[in-house]
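Peer 1: Based on the provided sequences and hints, a complete structural model is requested.
Protein chains in written order, with this note's numbering: chain A, 1 to 180; chain B, 1 to 168; chain C, 1 to 546; chain D, 1 to 235.
Don't take every hint at face value.
Derived DEER-like restraints, expressed as beta-carbon distance ranges [unchecked claim]: (1) Val102(D) with Tyr108(A): 16 to 26 Å; (2) Gln125(C) with Leu81(B): 45 to 55 Å; (3) Val17(D) with Lys116(B): 34 to 44 Å; (4) Ser83(B) with Thr42(D): 29 to 39 Å; (5) Lys19(D) with Gly354(C): 45 to 55 Å; (6) Lys128(A) with Val168(B): 46 to 56 Å; (7) Asn30(B) with Glu55(D): 41 to 51 Å.
So these bits of chain C aren't anywhere near chain D, every CB distance computed over 10 Å [what the hints assert, rightly or not]: (8) Ile97; (9) Asn281; (10) Asn353; (11) Gln404; (12) Glu471; (13) Lys475; (14) Glu495; (15) Arg505; (16) Tyr512; (17) Ser517.
By construction, these hints were calculated from the structure, which means they are not laboratory data.
Ideal placement from N, C-alpha and C gives every residue a C-beta, glycine not left out.
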Amino acid sequence: MSKKKIATVWLGGCSGCHMSLLDIDERILDVAKLADIVKCPIVDGKELPEVDIVLVEGSVTSDEHLREILHIRKQAKALVALGDCAVTSNITGMRNYFDLKEVFDTAYVNAVSNDKEGSVPDHPELLKLRDKVVPLQEVVKVDFVIPGCPPDADTIFYVLFEFLNDRIPNLSEVKKLRYG
Amino acid sequence: MKNNSLPTDVEPAKTDPRIKLITAKIKKENYKPDALIEILHTAQNAYGYLPMNVLKFITKALHLPPSRVYSTVTFYHFFSLKSKGEHTCLVCTGTACYVKGAQLILNEIEKQFSLKPGQVSADNKLGVSVARCIGACGLAPAVVLDEEVHAKVSSEEIVNSINAKIAV
Amino acid sequence: MNRQDLQTIIYAEKAKEQNNKYKHKLCVCCGAGCISSGSEEVLKKLQEEVVTRGLESEVEVIATGCMGPCNQGPLIKFLPEYTIYQKVDCSNIKDIIQRQLIEKKPIEDLLLFADSRPKPFIDAQEDPYYKKQMKIALKNCGHINPERIEDYLVHDGYQALDKVLFQMSPEEVIAEIKQSRMRGRGGAGYPTGLKWESVYKYVSPQKYVICNGDEGDPGAFMDRSVLEGNPHRVLEGMSIAAYAVGATKGFAYIRGEYPLAIKRFELAIKQAKKLGVLGNNILGTEFSFDVEVRIGAGAFVCGEETALIASIEGKRGTPRPRPPFPAESGLWGKPTLINNVETFAGISPIINNGGEWYSDIGTPKSAGTKVFALAGKINYSGLIEVPMGTTLREIVFDIGGGIQGGGEFKAAQTGGPSGGCIPAEHLDVKMDYESLTSLGSIMGSGGLIVMDQSSDMVDVARYFMEFCMDESCGKCVPCRVGTKMMHDLLQKICEEKGTRIDLERLEELAVYVRECSLCGLGSSAPNPLLSTLRHFRHEYENRILE
Amino acid sequence: MPKISVTIDDKKLDVDVGKTILEVCKENGIEILTMCHLKGLTDVGACRLCLVEIEGVNKLLSACTTKIAANMIIRTKTEKIKRYQRITSELFFAERNHVCSVCVANGKCDLQKLGYKTEMNHIRYPYLFPECNVDTSHPWYVLDHNRCIMCTRCVRACGEVEGAHNWNVMNRGYQVRIISDFDTPWGESVTCTSCGKCVHACPTGAIWPKAIVQGQLEKKPEIIGELVEKRKMNL
Numbered sequence: 001m002s003k004k005k006i007a008t009v010w011l012g013g014c015s016g017c018h019m020s021l022l023d024i025d026e027r028i029l030d031v032a033k034l035a036d037i038v039k040c041p042i043v044d045g046k047e048l049p050e051v052d053i054v055l056v057e058g059s060v061t062s063d064e065h066l067r068e069i070l071h072i073r074k075q076a077k078a079l080v081a082l083g084d085c086a087v088t089s090n091i092t093g094m095r096n097y098f099d100l101k102e103v104f105d106t107a108y109v110n111a112v113s114n115d116k117e118g119s120v121p122d123h124p125e126l127l128k129l130r131d132k133v134v135p136l137q138e139v140v141k142v143d144f145v146i147p148g149c150p151p152d153a154d155t156i157f158y159v160l161f162e163f164l165n166d167r168i169p170n171l172s173e174v175k176k177l178r179y180g
Numbered sequence: 001m002k003n004n005s006l007p008t009d010v011e012p013a014k015t016d017p018r019i020k021l022i023t024a025k026i027k028k029e030n031y032k033p034d035a036l037i038e039i040l041h042t043a044q045n046a047y048g049y050l051p052m053n054v055l056k057f058i059t060k061a062l063h064l065p066p067s068r069v070y071s072t073v074t075f076y077h078f079f080s081l082k083s084k085g086e087h088t089c090l091v092c093t094g095t096a097c098y099v100k101g102a103q104l105i106l107n108e109i110e111k112q113f114s115l116k117p118g119q120v121s122a123d124n125k126l127g128v129s130v131a132r133c134i135g136a137c138g139l140a141p142a143v144v145l146d147e148e149v150h151a152k153v154s155s156e157e158i159v160n161s162i163n164a165k166i167a168v
Numbered sequence: 001m002n003r004q005d006l007q008t009i010i011y012a013e014k015a016k017e018q019n020n021k022y023k024h025k026l027c028v029c030c031g032a033g034c035i036s037s038g039s040e041e042v043l044k045k046l047q048e049e050v051v052t053r054g055l056e057s058e059v060e061v062i063a064t065g066c067m068g069p070c071n072q073g074p075l076i077k078f079l080p081e082y083t084i085y086q087k088v089d090c091s092n093i094k095d096i097i098q099r100q101l102i103e104k105k106p107i108e109d110l111l112l113f114a115d116s117r118p119k120p121f122i123d124a125q126e127d128p129y130y131k132k133q134m135k136i137a138l139k140n141c142g143h144i145n146p147e148r149i150e151d152y153l154v155h156d157g158y159q160a161l162d163k164v165l166f167q168m169s170p171e172e173v174i175a176e177i178k179q180s181r182m183r184g185r186g187g188a189g190y191p192t193g194l195k196w197e198s199v200y201k202y203v204s205p206q207k208y209v210i211c212n213g214d215e216g217d218p219g220a221f222m223d224r225s226v227l228e229g230n231p232h233r234v235l236e237g238m239s240i241a242a243y244a245v246g247a248t249k250g251f252a253y254i255r256g257e258y259p260l261a262i263k264r265f266e267l268a269i270k271q272a273k274k275l276g277v278l279g280n281n282i283l284g285t286e287f288s289f290d291v292e293v294r295i296g297a298g299a300f301v302c303g304e305e306t307a308l309i310a311s312i313e314g315k316r317g318t319p320r321p322r323p324p325f326p327a328e329s330g331l332w333g334k335p336t337l338i339n340n341v342e343t344f345a346g347i348s349p350i351i352n353n354g355g356e357w358y359s360d361i362g363t364p365k366s367a368g369t370k371v372f373a374l375a376g377k378i379n380y381s382g383l384i385e386v387p388m389g390t391t392l393r394e395i396v397f398d399i400g401g402g403i404q405g406g407g408e409f410k411a412a413q414t415g416g417p418s419g420g421c422i423p424a425e426h427l428d429v430k431m432d433y434e435s436l437t438s439l440g441s442i443m444g445s446g447g448l449i450v451m452d453q454s455s456d457m458v459d460v461a462r463y464f465m466e467f468c469m470d471e472s473c474g475k476c477v478p479c480r481v482g483t484k485m486m487h488d489l490l491q492k493i494c495e496e497k498g499t500r501i502d503l504e505r506l507e508e509l510a511v512y513v514r515e516c517s518l519c520g521l522g523s524s525a526p527n528p529l530l531s532t533l534r535h536f537r538h539e540y541e542n543r544i545l546e
Numbered sequence: 001m002p003k004i005s006v007t008i009d010d011k012k013l014d015v016d017v018g019k020t021i022l023e024v025c026k027e028n029g030i031e032i033l034t035m036c037h038l039k040g041l042t043d044v045g046a047c048r049l050c051l052v053e054i055e056g057v058n059k060l061l062s063a064c065t066t067k068i069a070a071n072m073i074i075r076t077k078t079e080k081i082k083r084y085q086r087i088t089s090e091l092f093f094a095e096r097n098h099v100c101s102v103c104v105a106n107g108k109c110d111l112q113k114l115g116y117k118t119e120m121n122h123i124r125y126p127y128l129f130p131e132c133n134v135d136t137s138h139p140w141y142v143l144d145h146n147r148c149i150m151c152t153r154c155v156r157a158c159g160e161v162e163g164a165h166n167w168n169v170m171n172r173g174y175q176v177r178i179i180s181d182f183d184t185p186w187g188e189s190v191t192c193t194s195c196g197k198c199v200h201a202c203p204t205g206a207i208w209p210k211a212i213v214q215g216q217l218e219k220k221p222e223i224i225g226e227l228v229e230k231r232k233m234n235l
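Peer 2: The structure is reproduced here in structure tokens:
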């Protein structure tokens, strides 16, 4: 059996889910036996090749994220939403109660730390934020979700290991369903 | 209470004829708490809306918990906690009126007076609201301008009538 | 007043009517529709004109309730000729009086439907509009002055109450109603007799009768017209019900949007009390019954019986789960009978003519007649009453005069926001409870909105969902959040931003809200959506992003 | 007490008359999901989680408000009911702003537990993201509308048990909100006795005491029922 290819991606999130992923510790060797990690924020790799499984952390907050997730969907056989931000928009979604302009003004114009010239940065190289933050399933088909903020390492390992052994994981059955 | 200084907290004058009207109604209903809605109707008719101090007056008179009165007032569309304006324009958006262009009338009113349903102009001259059905479906679209039903109206006609009203 | 006194008055009034010095009766429609078109002015001018011409000894001018075709108003009717003039305004009053009463040559151009019929009928009863109708609940609406109890007495008013009080036991009254096979006209169609019987069976020192006049469906104004046109009929029905179930106190809950109906009903109560047909010891018997008016404050959900009860108790109008039904525990926890205005209006004819007479009208499962409020893209909108089982085609084309502007019939929405759409291929459906339900719609209270090809069915579904969302009381989750979600999804589809997944979610939610909601408002809220999905699915599909 | 026989989930049971289906199920160890029910308070049947199928009845009935009757055949865990319970749970989450990761009730929340029990791994419906206030005006307690599910347990605990009637519900439809007095800040309430019953009655992180940090919330909703029982005994 040829080795599977795994990738992990970091969209609008705090990278906590990736930290949790690192917490699988030595079990990474079990994963490595079955798969190659071809792209990950923590390893090098600029392009996303076609992969079997991709774990996506974070929600879709900008146009760039949208472009990226659509590309990911094309390249991946199984797309796994990793963590509450990817599943429910979680903390990143907390700006959705306000107008985007209000959010910018609060951060760049009215914040106490700003001097009088505080203004909203505007540069073509910068990300264009979307009006509302949405979880992954609002824009692409998601094959599996791992909620949790962050999901614990055991859960992440369980899901990866099941997928790598061509089994469909079930979080409820193993009592690993958790939010927050 | 903290904000006793606010004008809404000033007790309504006992000599106000409208308060007398409400007091009479409360007496007629025997101070029964279940007559709350009837009494609110009387107050709403007398004031055109339900000022907070009047609400507090009723609450006290009926010995009801404030939250009970406030929850009832906010449940029913008839009761308003804000002044509706000197002149009121009520656009019926019942099905028959909707099918016959009530939305166009609302759009035109918004264009001409910059008022959306539920809003009152800055000078308090005009208030715009919508009704779910005034039961004049044969006359669709219908608009009620200060109690007067304007039947089968066009948006221009109603704008003209409003202008005539608020010009006075 | 006792029984003899009432009979004396009735005889006197009837004698007055028979020895009537008047040759003509001129009825001016003062239903809410015609008043908005200016009929009160017309009434005044007509009275003046009659006096000016010295005809006051020959012509009696009276204000009546609704005559039916509201969009042709103001309407005036000459009796006994039954000649109806439409769109009367102050400028043509002189001519009408001159030609109709002096020259005896009616002005054909001004007759009812003159602008749409090749030749209008001088006797309007010959017109298919009236010919296809059968008036029971609306009988006398449009002939009598609703503000005079004497007018009602002349037309067998309070005879049914007299009959039940002196000749029938409560059990017999209930048996008669059961035999009539009448079903509640409020929408659900529960057999009226069974409802009465269940209230009757509960033993309690205090029971209540409530008349549900909180007609909230947009596009429905049957109850309004009955209350405005013949309030005593409803009052009599309530009294008979109270006698049958053993209640002594009644409430009429009338929408705040109907000030005229409230005014006339309150007047009717006053007159009835004065005459002794309401109040303590009615007609000298042991039976006492008093009625109070409660004014609705603008909440559609208060049409639901448990919410209506909460509202009469002066609370937020939120429904509570049934069972227990109001028959067992209703107003202030006491056994309570709640019927619709139109149901009560149908009671006295049943008592007068017998249950069998009523059960012979209509279809085997749905007896009697039903009042419909025709509106939308139809030529003659207004109020009609037809036997159950009349086809939709007859209603729209024979009575309603077809589609406005010669357009094409696309669908009819029955039952308002709780009902559904009936597409053109089902134009021959018989209008009765079962047939409408089988098409995914409901009879409802009787609103009937006709739509032509310009109507966008997805938008219609969105419109009704918005209504239900705004009117949801917010107590239970399926209705509170479900209607909002469905509305947002429909909005998305209307804006052509929806996907196939959205449509799937929408359908799943619709079934969920229907099955899980606490009350009838919630469980029927998805009906317009489900029925348009059933009959006009392609209109949704066309807007879906692939 | 006279007994009647009923069948619940294919189990034949002899039960006391006059009880609700929910009470009978609890006594017999049959789990029924609830949110708005709290022992000691009047049941309102608002959360629709306890809906059960009863043979011969064409609609689902709420177990908390329906009295058990002889020969009822009740099913509490059919596929349909489970599906509906999951949707209800999703709608709860989508309605307000439930961000578990930053919520004081995280890990101690009945709504979270409901999600696990209904196997809700994500929410299929778009979040509504309503604007909600947090009322911190009371010296000891906080009311956070973001976490409120409108179960009205606080309203009933305050009205029925404490008798203060500080809480009620304003507006209608999806705009309903819990209010104190005339929608005045809780700290300025003239009716609140600061008894704390609402805090214990609240199943989520909507009402909580200020003196705690995240994850340390300990609520004892059962004290409401115990209190009511004790009062009955004293009478």
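Peer 1: For each hint, tell me whether it holds in the structure or not.
Peer 2: Verification of the hints:
{"no.": "1", "hint": "Val102(D) with Tyr108(A): 16 to 26 Å", "in the structure": "holds, 23 Å"}
{"no.": "2", "hint": "Gln125(C) with Leu81(B): 45 to 55 Å", "in the structure": "holds, 52 Å"}
{"no.": "3", "hint": "Val17(D) with Lys116(B): 34 to 44 Å", "in the structure": "violated, 57 Å"}
{"no.": "4", "hint": "Ser83(B) with Thr42(D): 29 to 39 Å", "in the structure": "holds, 38 Å"}
{"no.": "5", "hint": "Lys19(D) with Gly354(C): 45 to 55 Å", "in the structure": "holds, 46 Å"}
{"no.": "6", "hint": "Lys128(A) with Val168(B): 46 to 56 Å", "in the structure": "holds, 52 Å"}
{"no.": "7", "hint": "Asn30(B) with Glu55(D): 41 to 51 Å", "in the structure": "holds, 48 Å"}
{"no.": "8", "hint": "Ile97", "in the structure": "holds, 52 Å"}
{"no.": "9", "hint": "Asn281", "in the structure": "holds, 39 Å"}
{"no.": "10", "hint": "Asn353", "in the structure": "holds, 35 Å"}
{"no.": "11", "hint": "Gln404", "in the structure": "holds, 34 Å"}
{"no.": "12", "hint": "Glu471", "in the structure": "violated, 7 Å"}
{"no.": "13", "hint": "Lys475", "in the structure": "violated, 5 Å"}
{"no.": "14", "hint": "Glu495", "in the structure": "holds, 14 Å"}
{"no.": "15", "hint": "Arg505", "in the structure": "violated, 6 Å"}
{"no.": "16", "hint": "Tyr512", "in the structure": "violated, 5 Å"}
{"no.": "17", "hint": "Ser517", "in the structure": "violated, 7 Å"}
Taken one by one, the earlier hints fail for this structure at numbers 3, 12, 13, 15, 16 and 17, listed in ascending order.
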